[in-house]
Amino acid sequence: MNNASRVRLILLQALVLGAVVAFGAWLIHNTLTNLESRGIATGFAYLERQASFQIGETLIAFAPTDTYLRALMVGLLNTLEVAILGCVLATFLGVAIGIARLSSNWLVRTLAAVYVEAVRNVPLLLQLIVWWDVLRVSAPAPREAWLLMPGVFLSNRGLVFPLPSFTDGFHWDIPHLVGFNFAGGHTVTPEFAALLAGLVVYTAAFIAEIVRSGIAGVAKGQGEAAAALGLKPWLAMRLVILPQAKRIVIPPMIGEYLALTKNSSLAVAIGFPELMSITNTTLNQTGQAIEAITLMMVVYLGLSLATSGVLNWVNARAALQGR
Amino acid sequence: MNLSRTLTAALLAMAIVMPAWAGPTLDKVKKDGVVTCGVTTGLAGFSMADRQGKYTGIDVDTCRAIAAAVLGSADKVRFVPATAQQRFTLLQSGEIDVLTRNTTWTLTREGDLGFLFAPPNYFDGQGFMVAKKAGVKSAKELDGATVCVQPGTTTELNLADYFRTNKMTFKPLVIEKLDEVENAFFAGRCDAYSTDRSGLASSRAGKAPNPDDYVILPEVISKEPLAPAVRQGDDEWFDIVKWTIFAMIDAEEKGVTSKNLDDMKKSDDPEIQRMLGVVPGMGKSLHIGEDWGYNIVKQVGNYGEVFDRNVGPASPLKLDRGINALWNKGGLMYAMPIR
Ligand SMILES: N[C@@H](CCC(=O)N[C@@H](CS)C(=O)NCC(=O)O)C(=O)O
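From first to last, the protein sequence lines are chains A and B.
Counting in this note's numbering, the first sequence runs from 1 upward without gaps.
Counting in this note's numbering, the second sequence runs from 1001 upward without gaps.
Worth flagging that the hints you see were computed from the coordinates, not collected in a lab.
Glycine included, C-beta positions come from ideal geometry on N, C-alpha and C.
One or more of the hints may lead you astray.
[As the list claims (entries may be wrong)] Just so you have them, the derived chain B footprint on chain A, three or more residues with Cβ under 8 Å:
#1 176 to 188
#2 271 to 282
[Claimed, not checked] Derived coverage of chain B by chain A (criterion: at least 3 residues anywhere in the stretch with Cβ under 8 Å from a Cβ of chain A; other residues may be distant):
#3 1082 to 1093
#4 1168 to 1179
#5 1183 to 1196
#6 1229 to 1240
Let's have the full structure, built from the sequences with the hints guiding it.
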């Protein structure tokens, strides 16, 4: 390419970029003017204002006198909690079922296939509500809670168990009934349990399919060679097949982890206060829908990029080790 | 649900990004021949669709009265059901013309959300409902309770205020859909369910497996003036909504009902004559037909009729008039002069 046409190309690109930026600025300007002319509040100053609502489950201390920003942090941490636990558990379950689908035992193979088909074809929202109903309805009220082990109670308020406490020296913080509910210890609420169970069971079905095709994608000769070397089938699976399947499996797994994280926002239906739920409340109390939704999208995008980043790195390492 | 939230936000963004705001609401309503109102997804007495899709309720009647005033027919209405969460974006984005959905009139909803509230069609207050077998007699005994609540409501905020000022703790269980909130509460997941007391009465009458197993506690922890809302910046439309409510109240005060209306047309009370358009002028001032007041009372009824039919002692909700009585009968219902 000669110099003149290169300059022209650069100019053209600058022009297009300029137009895009100008259009974006026009959109933002218009939005702000129109919001103002309609008396709708704008800007992110609301984040510093007092939230004035209470949150049922928090990993960090939270009171209604804290800010909206802190409320959103509480929501984000709850999202992360269920997403991380969910991804780990779904991976274990998914790999197990994926392997089971290739089992030489007819019953195991068929059960695994039925699981995958059934779970993938029922909408996740419905599954969450069913889990939640089951967990709520099958357990008794707190005053009639089942004592599972000393200090461990199951009721329709969830599972409470003792926690070690290190204030004033070591002792166990043992749950006990006060008025309506249990105080002390740690509670796994039906909402959290239903969300986690629902996400794990659902995502595992997809992971199982990925694992199955990953294993199927490892050349058949590899399994036969391992058998010829005298490796027992499960050792052949662990030492020869799975490490090679890993390379095929990791890229599509990234998609499943992202899906699980995003699906956790369905929790608004069953009352677990994750990011979406807190955003909803914030949005409605402040009326700043555009800001609140933008913020939430940025956070989910950040989570997605971070997850992909980590897994791509893992993938690159797995791919390198191979040959 | 996710998707619909994102879509509404996108819609709002789109409506707002466009330079000019589509003309005044009245023109649009006349052109379309229909008034579009935001209502609940189903709260008996306020707005509820039956199997045939026919809506009834005090908020539904408010919407119908607006249509009667503007379009001459109470049936020229379209209802858009919305959870507490969805209602405000619907109004902001212009998808509905008026929000008639047991919505509390507050400062921030006018100042930050960009709305204006017409006079309340029901004065309420927040309360608690508990299972009778819990043996709770007062809200002051709710320390440590789990409380079921819908998000995006004043309820959520009042709860935090109430427990804080009374030095008690509680855990909110926040669920978006009313049906699911009710299911959770009646299944015993929460110790108490909190919302406007009219809402409690409605849930108990309509959704409780056995209404007698539940009690509404005596405490009223807030003021909840439930009122229709419109967007700021369209004063003509705001006036119409406002005076529709006043006309219904005034009709009751003057003893004009849907039954005696045609006789009342012959009344020589000047206020009645103005309201019913016998002496013209009021319709013109509102930029609508002179028979607006007549149509409201004829097709929907006066405030008292609407109250009795939907939430009064003869309805399943069995609510007393209480503070919703006329001002000259010890209540708060007071219409400004139609003149
Ligand atoms: N008046 C309160 C609460 C209004 C509200 O949304 N109440 C609930 C519970 S009674 C309701 O009507 N839900 C019906 C629905 O979500 O469709 C407010 O304006 O924030």
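Hint by hint, here is what the structure shows:
no., hint, verdict
1, 176 to 188, "holds (count 5)"
2, 271 to 282, "holds (count 6)"
3, 1082 to 1093, "holds (count 5)"
4, 1168 to 1179, "holds (count 8)"
5, 1183 to 1196, "holds (count 6)"
6, 1229 to 1240, "holds (count 3)"
In summary, the structure agrees with every hint in the numbered list given earlier.
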